[in-house]
Structure formats: C-alpha cells, structure tokens
Amino acid sequence: MEPIVPPFVPVLLAALLLPFLGRRVGHALGVLATAAVVPYVWLVPEGAHIPAELFGFRVVLFNLDAFSQLMGLIFGFIGAVAVLYSYASEADNLQTAFALSYVGTSLGAVFGGDWLSLLFFWELMAVTSTLLVWHYGGRAIRAGYRYALLHGIGGTLLMGAIVWHYVAVGSFAFTGDGIVGGFPQVLAAIGIGVNVGFVGLHTWLPDTYPRPHIAASVFLCVYTTKTGVYGMYRAFPDGEIAIAYMGGAMAVFGATYALFQNDMRRLLSYHIQSQVGYMVAGVGIGTALGQAGAMAHVFNHILYKGLLFMTAGVVIYRTGQESLKKLGGLGREMPVTAAAFTVAALSIAGFPLFNGFVSKGIIISASHYTFEAGPLAVGDYHTLELLLLIGGVGTFLSFIKFGYYAFLHGEYDGSVEDANRGQTVGMVIVAALCVFYGIFDGALFAILPFDVTSDAVVSHVYVTYTVAHVVEGLTLAAIGLVGFVLIKKPLSRYGGAVPDIDAIYNPAAFYGTRSVVVGVTELYAAVDRLAVRLADGTGRAVRTVGSGTFDVAGRQVAVHVDIRNSVLVIVVALVVALAVVL
Amino acid sequence: MSDLVPIAVAVPIFASVVALLAGLVRRKTGWHVAVAGSVVHVGIALELARRALFDETVRYVVGGFTSPYGIELVVDGLSATILVLVAVVSLGVLGYARVAGPRSNAFYAAYLLLTAGLTGLSVTGDLFNMYVFLEITGLAAYVLVATGEGGRSAVAALRYLFIGTVGASLFLLGLGYAYIATGTLNMVHLSELLAEVGHTTTLVQTAFAFIVVGLFIKVAIFPLHTWQPEAYASSPDSVSALISALVSTVSAYAFVRVVYTVFTADFLAANPLARDFLLVAAAVSIVAGSALAVAQSEVKRMLAYSSVAQFGLIVAAVSLVSETAMVGAVVHLVGHGLMKGGLFLAAGIVATATGARTVADYDGLADRMPVGAGAFGVLALAMVGVPPAVGFVGKWYIALGAVESEAWGLTVVIVASTLLTLAYFARLVERMFFREAPEVVADGADATAEGTVTPAAADGGDESPPTGRVTLGMYALVVTAAILSVALGAGVVGYEQLIESTVTSLLS
Chain A
1 MEPIVPPFVP
11 VLLAALLLPF
21 LGRRVGHALG
31 VLATAAVVPY
41 VWLVPEGAHI
51 PAELFGFRVV
61 LFNLDAFSQL
71 MGLIFGFIGA
81 VAVLYSYASE
91 ADNLQTAFAL
101 SYVGTSLGAV
111 FGGDWLSLLF
121 FWELMAVTST
131 LLVWHYGGRA
141 IRAGYRYALL
151 HGIGGTLLMG
161 AIVWHYVAVG
171 SFAFTGDGIV
181 GGFPQVLAAI
191 GIGVNVGFVG
201 LHTWLPDTYP
211 RPHIAASVFL
221 CVYTTKTGVY
231 GMYRAFPDGE
241 IAIAYMGGAM
251 AVFGATYALF
261 QNDMRRLLSY
271 HIQSQVGYMV
281 AGVGIGTALG
291 QAGAMAHVFN
301 HILYKGLLFM
311 TAGVVIYRTG
321 QESLKKLGGL
331 GREMPVTAAA
341 FTVAALSIAG
351 FPLFNGFVSK
361 GIIISASHYT
371 FEAGPLAVGD
381 YHTLELLLLI
391 GGVGTFLSFI
401 KFGYYAFLHG
411 EYDGSVEDAN
421 RGQTVGMVIV
431 AALCVFYGIF
441 DGALFAILPF
451 DVTSDAVVSH
461 VYVTYTVAHV
471 VEGLTLAAIG
481 LVGFVLIKKP
491 LSRYGGAVPD
501 IDAIYNPAAF
511 YGTRSVVVGV
521 TELYAAVDRL
531 AVRLADGTGR
541 AVRTVGSGTF
551 DVAGRQVAVH
561 VDIRNSVLVI
571 VVALVVALAV
581 VL
Chain B
1 MSDLVPIAVA
11 VPIFASVVAL
21 LAGLVRRKTG
31 WHVAVAGSVV
41 HVGIALELAR
51 RALFDETVRY
61 VVGGFTSPYG
71 IELVVDGLSA
81 TILVLVAVVS
91 LGVLGYARVA
101 GPRSNAFYAA
111 YLLLTAGLTG
121 LSVTGDLFNM
131 YVFLEITGLA
141 AYVLVATGEG
151 GRSAVAALRY
161 LFIGTVGASL
171 FLLGLGYAYI
181 ATGTLNMVHL
191 SELLAEVGHT
201 TTLVQTAFAF
211 IVVGLFIKVA
221 IFPLHTWQPE
231 AYASSPDSVS
241 ALISALVSTV
251 SAYAFVRVVY
261 TVFTADFLAA
271 NPLARDFLLV
281 AAAVSIVAGS
291 ALAVAQSEVK
301 RMLAYSSVAQ
311 FGLIVAAVSL
321 VSETAMVGAV
331 VHLVGHGLMK
341 GGLFLAAGIV
351 ATATGARTVA
361 DYDGLADRMP
371 VGAGAFGVLA
381 LAMVGVPPAV
391 GFVGKWYIAL
401 GAVESEAWGL
411 TVVIVASTLL
421 TLAYFARLVE
431 RMFFREAPEV
441 VADGADATAE
451 GTVTPAAADG
461 GDESPPTGRV
471 TLGMYALVVT
481 AAILSVALGA
491 GVVGYEQLIE
501 STVTSLLS
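Residue numbers (this note's numbering), protein chains in the order written: chain A, 1 to 582; chain B, 1 to 508.
Check before you lean on any hint, since a few could be wrong.
In silico negatives: residues of chain B with every beta carbon more than 10 Å from chain A [claimed, not checked]:
id, residue
1, 39
2, 46
3, 62
4, 69
5, 103
6, 104
7, 179
8, 321
9, 504
Covered stretches of chain B (chain A as the covering partner; in silico rule of three or more C-beta atoms under 8 Å from a C-beta of chain A) [to be verified]:
id, stretch
10, 201-207
11, 224-237
12, 486-499
Hints are computed from structural coordinates only; laboratory data are not their basis. From the three backbone atoms N, C-alpha and C, an ideal C-beta is built for every residue, glycine too.
Modelling step: build the complete structure from the supplied sequences, incorporating the hints.
Structural data, given as structure tokens:
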C-alpha cells in the first residue's frame, strides 16, 4: 500500500468534527479514525515517506521505519480503545475532541522524519494535553498550569538543542547519529527528560494525571511519556551511560514513591515513571538488544498501563472514591474489573506468562549481557540490572497493596455495579492482549525493530522462558509478597504524606517568579524615585540660577512630574548613547 | 508611471482637507470621506507594492530636481510592505470607528493626516523629509489621543506631545550633525558621503547617537517608553488600535531605514560599541517591557507594555546585522501591527459590550462573549508565538538569526521573551476560558448606578458599565484579524523570497 496522508491527518480531522456531531456518531468516528491507523501503518512499506515544507524548511511528515511503525500500531490501537472507554464513561464530545487532537499530534511527532516536525508536534502535544487536563476544571486547572509550564520549559530546551543541531549540521533531517555531541546533547537530554519523567523532573506526572476525567487519564498515561522515549531514542541512537543509569534510578524511585501512595491514579502515575525508567534504561544501553527491549516495553506498557487506568477509572466511576483507604472488598462486587486489574498488575510486575515479563526480561538481559558492570556490581549482578530488579520488587509490592486494599481487604458497604458494557469490552480486549503477548512472545518479537532471537542481530540471543528467568520472576513475586506482609502495618501509618521534590520547587518557582516581578517593579520604582529626586534637584538648581523655565512648567500641576522625569530619562539615555558610541 | 508615489501621500492629505471642509457643510460626513480616501489609498498601496515586490524598486523625484539635491521618494520591498500595512490597517480601523466613534469630522481629518504622515514616512528617501513626516505623524497622533473623553486622555496627549517633541528634536539634531558632516540629506547619497567622511569620526557617531535615541522615543523602547502606556490606554479604542498597530511600527521602520540605508551595516561593523548599545537596549526593553506587562491590571496598559517588549525584539533583530533576523524583523513588524491592532480592537469590543477593562474583569468571558473571547484568545496565542501563527514565524526567524550570529545572550533573551509573553497572556486566556463569570449581572448594574453618582467609586476598580453596541461589522473585523494572524504565518515563505533582494541590498 502506498502512503496517502500522514497518519495524524484522519485523527485530527475526527477531532475537528467531533464537537459538531452527536455523542454516539462522534465517538464512533473517533474509534474508526484511530483504529484505521493500525492497518494503515502496518500495510505501508518500510521506508515510505511524505516530504513537505514547514516554515520554509524541507521536512518529512510521514517517515515509516521499524521504530515509528511500532509506535503507530500501539498508539492507534490504544487510542481506539480509549475513545470507546471515553464513550462508556460519559466523557463529553469536547473532551474527546481534545483527546483526539492530543493523539493526532503524538502520531505527528512519532512519524515526523526530521527534528523540526518532531519539535513542531512535540510542542503541539504539550498544548493539546494541557487543554485536555484543563477541560475538567476544578483542581485540574492549577495542576494543568504547572504541567504546561514545565513542558514549556522542556520544549524550549529541546528547541535550543535542535536549533544548535541545525546550525552545526545544516539540516533538520534524522541522520541516524542523533543530536550533535556536547552541549546540545545535554539540552536534549534534559528537554526530553521532562517528558519521560527523569528523577527531579517528574513531579508533573503524579501531580497532573490523577486530576482530570478518568477517561482523560487513560489517554494521558499513554502518549506523552512514550513519545518521550521515542524522542530519546532518536536523540541518542547509540545510547548514553548516564541516561541508562537515570533509567535505573527512575525505576527504583518511581516504584518506591508509588508504594506510599493511597490515591489510586497517583500510585499508577508513579509507576509510569518507574516503568518508563526501564525503557529509558533500554535506550541508554544503546545496543540492539536494549533498544528492542525498550520498544517492546513501550508496546506492552501501553497495554497494561492503559488497562490499569481503565480499571482504576471504573472503580472511581462506580464508587466516587479516589483513595484506597476508603475502598475495599470490591472483588466480590466487581469481578470483571478485579480480573482485569489482576491481569494488568501481573503484567506490569513482570509475572511469567504475562507480557511485562517478556519485555522487562529483554531490558534486564540487555543490562546484564551488553552493558558495563558498573560500580556496585554484586556477584554476577550488574549495577543497572540490580536497580531494575529492585524496581521490580517495588512494583510487586505496590500492586499487591493496590489489589489488596481495593479488592480483597474488608467488605464494601452497599452494592456497587461492575463496569458497564463499553468499559468491559475495552478492558477485556486489552487484558486478552496482555496475556496473548505474554504467552506467544514470538508475536511481539515479530514487530520489534531488531530480531532478538537471531544471533546475527543481537550479541546475546534472548529466550523468554528459561528456568533461570522464570525463577527470577517468581522470586521477585515472592519477595514482594513477603515484603508486603512485613511492611503492611508501618506503610498504612505513613501512606500518602511523603513529600516529593515538588514540595521544594513549587514554592521555589512561585517565590522565584514573584521576586523577579517584584524585583523589576521595585527596581523601576527605585529608578523612578531616583529620577524624580534628581529632577527635583536639577529643577531647584536651575531655579536658583535664575532661569524661569521650570517655574513656568511648575505651575502645570500633576502633569509636569511625569513629563519632567521622562525627559530626564531621555537626556540620560542620550548621554549614555553618546558615551558609548564616542 | 512613478507619479503614483506622491499620490499615495497626497490622497490622505487631500481627503483630510475634504473631511474638514465637508464638516462645515454637513456634520458627520467625515467617516464617509475617510472611507473613500482610504479605499483609494489601499488601491494605490497595493499597486505600488505589486510593482516594488514583483518588478523593481519604484523611485520618484519631487519637482524634477535630480536626486542628491531634490527630494526623492523610494518604494522598495520593505517600504511597500509597510505601506500596505498602513493602508489596510487604517481602512480596517475605520470599519470599527463607524459605530464606536469618535464621530466628528475633525477627528477624521486628523485620522487621515496620520495616515498621510505614516505613508510619507514609509516612502521617503530623504532624511529631512523623514523628519517632516515624523512630525506630521506625531502631531496627528497627539490630536487623536486627545479625542478621548475626560481629562485622562488630555493629560496623556500632553505628555505624549512633550516627549514626542523631544524625540523629534533629537532626531533633528542628529540629522543636523549628519548634514554638517556631508552637506546632503538624500539617504543614499548620505550613506556614500558618510563612508567617505569616515564612520569613526566624532561627527558621524554623534549624529548616530542623537538619531537613534530620538527614534527610540518614537518606537517606545524602555526606558524611553513613558509616553506610550498612558497614550494607548486612555485614548478611544479605535485610536489605540490604530496607533498601536501603526505609529511605533512605522517609526521602527524608519529606524531600520536610518540604521541600514543611511548609516549602513559598515557603520555598525566599524563601531562595535554602537551595535552593542542597540543590542543591550533591545534586551533591556524585552525583559523590562514584559515584566511591566505582567504587573499591569488594566488590559490596554498590559497590551501597551507588551508592545515595548515586542519592539525590543525588532531592535534586537536590527542589531544582529543578519539577513535571517532582518526577514524576521519585517515579518514581526507586520505581524505585530496586525496582532496588536486586533488585540486592541478585541479589547475594545469586550469593553463596549461588557464594560470589562481590567484583567480581573475578564473572568469567564468565554461564556459571556464567545466570539470576542475566542478572537482575543487566538490573537493572544499568536502573539505568544504558538505555531503556525505569524507571531511564531517572526520570532523564529529572529531567533534563528541570533543563533547564526552566535549572539547567545540575545538568543536566551528571545527565547525567554516567549515565556514572558506567555506569562501575561496565559493569565488572560485562563481567566477567559477556564473561570466562572462573576456572580450576578444585577450586582454590576448596582455598582454602575453608584459609580455614576459618586465619582469616587470609579477608581475602585469595579467594572464600568457596558458603553455601547457591538455591531456585526466590529466582530467581523476582530475575527478577520485573528484569522489573518494565523493565516499570514503560512504566507511568510513566499513573502520571504519576494523581499530577499531588498534585504540583501539593505545589509550590503
């Protein structure tokens, strides 16, 4: 099949039409437009591209290679499911229109064949996702504002990196070598780091994602961070040690903080950081195995994280409660939701026979066989590998906690309905895929950019189901289970109130900006006062000399002060100009 | 037939006199005369622009005296662009003024005189002639500002008069120095002779300093902007739209002309300190203007300070001596004129329909005035520089020029300026679209009744009453400005090729 239009076109068109259509027709159109992306990018041959012109530069709006194809497949699929879920969860048309514009711009970003179009859609993505958050109103507005600010800064840093790259290379096209070395790389890493949630730059994740509409969260949890991972690969196609370790740190940090959370969606948001940590580690390792693992994990993560946000959304939708403290015993009330949650939780934690086990295994294997041992290697385990394994234990711990408090612990007062039909359809499809890709790992390997089962492509052939690997998965699960029993008591005492880094930089940003504004205003006032005093002094001096001009002007009440000191400023400026030029 | 050039200047002057005289016969005829004059003016401007952009530079020598001695009028790609902007915006604002007023014939006479002054400034090829038109523009602008009701606009106009006159005088002094050095006033001839005299001689340098400071006042570069916020904020909405869109824009054009055509890029190369002076002034203006805009509570004052920052960008582009930045400067001049004029008109219809004049009054505006708020939002975002609007393209080229010239400090300021612009516009956009409207309308009516009884309540910051009717035409005008601000962004690529030769010859 020949490429006709870039994949974002039908999705953005659907977004434009949606507000003017009925709810049912509009959402049906949304499902169609996003679902159509899946066969479309699958059928278009690799290497296809559509050139165009943007701001007078030659750009490529549709660039299909193995990486962008995988992103397009999963983005289109989960988009369709999320629109269906929105329909079932009473999202209004405008919100879904914002969500689709967000999906469309993300597709534009991953299919952009050069830095300029990537950046263009990257910035639009920040705008559309902010609108999606803002649409919900209430507490989402302030969080959305912080989100917009942070992403504005991140986008600007990336823009700086790209402009610098352009000046050095003379072209925006992807060369396959990433961003030019040196300072631009640092800028790009930090700019993209905002999107993927580097430790320290991640606070927007748990801050923003729990607040909007439940269906909006499903969209949000997918696109921004994964596009970030994709962008990270484009910027660092050969990997970077520091980024790999940052990935490991994210995996541990996110999982640890998740453990303390009681708000369901906040807990899940910290897990986005933790899981994206694995992907960032994979990209940072930079070998074929690492990159294949990162992309596989992007694919799987979108499935189970979307599913987790859907199940959490159903719980909120039916009970109105966001906090695990106020829930319990829902397993009997909502069997379908509980079952879907169990599948998703086992997937994210990396339990054998579920899809997370496959892709997490690739990355851990890459960290062991194709990456340096690092400073803190213990026995046969490398530093990064250890970090990733510890992150895995944390994941087990927090999802046992989630499942225990939401579905098992205690009894729920009164009766709660299970998910409605549309929600059920969405959850079951995704849950089935989570299991499918866990059992038939070959289906996943087939869409990866590098064939991990061929020793011609990767330096260490990956086999999912070996005794050692399965034992490793079961051991992590066992440590998680035992650990949860041990820390259950103390955890319930400290839950929720653990301050994150934003406790420092929210006030810092607030007082910082305020002091700049106050500073400038005060400075201006001070200059003004000084000028007035100078002008008064000069006026008096001139009067004593006997010139009458100031007396005459002096009678024009109230006006003369302004004019007088304005003219004085002019004279000062003139003197400065003369002094500088001469 | 290059006679069209003086006719472009003469038409508005002629119409101005007609408007004044017609007023003696019948009142309220000024608007019709002005529209007729402006339509002709737009036609001439477009024809001249077509010739200048597609054929070659149009030259005309007044009175048949040959070039170095006579007064020359020149229309090249750059001045043609500004000329069209002047003509189109003047006609557009007239559409707004029809119902919004002021309605007197004298007002329209001054209005047309301003158009004439601006046109003259754009086409003149003679430095003294430029001073004359600068004064005509200034005087007409003072009069227009003073047409507002109440003492506030009179005071603002007086202040504008004093400061503007000082600016023009400094320009004249600088011009005098240049004349002493060279004995000519024709711009092209001056540039040759100045080079012969030597760019580093005291006389030439002094002339540069005086002229630049004089023009900085007219352009309203911080800290010489003191006349500008009050003048914009206190004048009638149609006047603030017109002068904010055009007066500083054309002055900035004059600044570009003087720096590049008269003093040339060689002067800046020979005097690196002069270049640094422009650069620092630009950076200070960008930062201080934005910061002061953030601090404003009145919407029109905020827009006014925003102009201080935006013109800082233009001066920054001029100081870079880079073709890319120069293209950016021209695009941003036009784009800013359009967007700022549109924003003032949008602020005008909002104030007319709802009485909202302060930032706080804009709460929930989207529910009360969806079209007005929508247009305002689009224009604001375009000004911030959200792609693909024209505001983005202009800043993009300027930033690219800064990077190419390796002026890293300035690059940082330009990028930061986008954030600062976002700071003050996001505040409004958030209020308009994501906040609830204030409680009950009846409260506002009560406050109004009190306000009219006790003048003391007027400065309490309460919403003033709706002052009039907003017609469909006024809406259409603002929406057109919003659409243009986005659509023009796409046209820049083609336009860039058209003015490429002009910019190249300007910088050589």
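The hints, checked one at a time:
1. Consistency note on residue 39 of chain B: stated as away from chain A, and its beta-carbon is indeed over 10 Å from all of that chain's, at 33 Å minimum.
2. Taking the minimum C-beta to C-beta distance to chain A, about 24 Å, the non-interface status of residue 46 of chain B holds against the 10 Å cut.
3. Remark: the non-interface label on residue 62 of chain B is consistent with the geometry, its nearest Cβ contact in chain A lying 32 Å away (cut-off 10 Å).
4. Every CB of chain A is more than 10 Å from the CB of residue 69 of chain B (nearest about 30 Å), matching its label as outside the interface.
5. Every CB of chain A lies more than 10 Å from the CB of residue 103 of chain B, the least distance being 28 Å, so the non-interface label holds.
6. The claim that residue 104 of chain B lies off the interface holds: its Cβ sits roughly 25 Å from the closest Cβ of chain A, which is beyond the 10 Å cut-off.
7. Every C-beta of chain A lies more than 10 Å from that of residue 179 of chain B, the closest at about 18 Å, which supports listing it as non-interface.
8. At the 10 Å boundary, the C-beta of residue 321 of chain B stays outside the reach of chain A, the nearest C-beta of that chain being 16 Å off.
9. Every CB of chain A is more than 10 Å from the CB of residue 504 of chain B (nearest about 16 Å), matching its label as outside the interface.
10. For a cut-off of 8 Å, the count of residues in the stretch 201-207 of chain B with a CB near a CB of chain A stands at 3, and the three-residue condition holds.
11. Judged by the Cβ-Cβ criterion of 8 Å, the stretch 224-237 of chain B is covered by chain A as claimed, because 3 of its residues qualify and three suffice.
12. With 3 residues having a beta carbon nearer than 8 Å to a beta carbon of chain A, the stretch 486-499 of chain B meets the requirement of three or more and the stated coverage holds.
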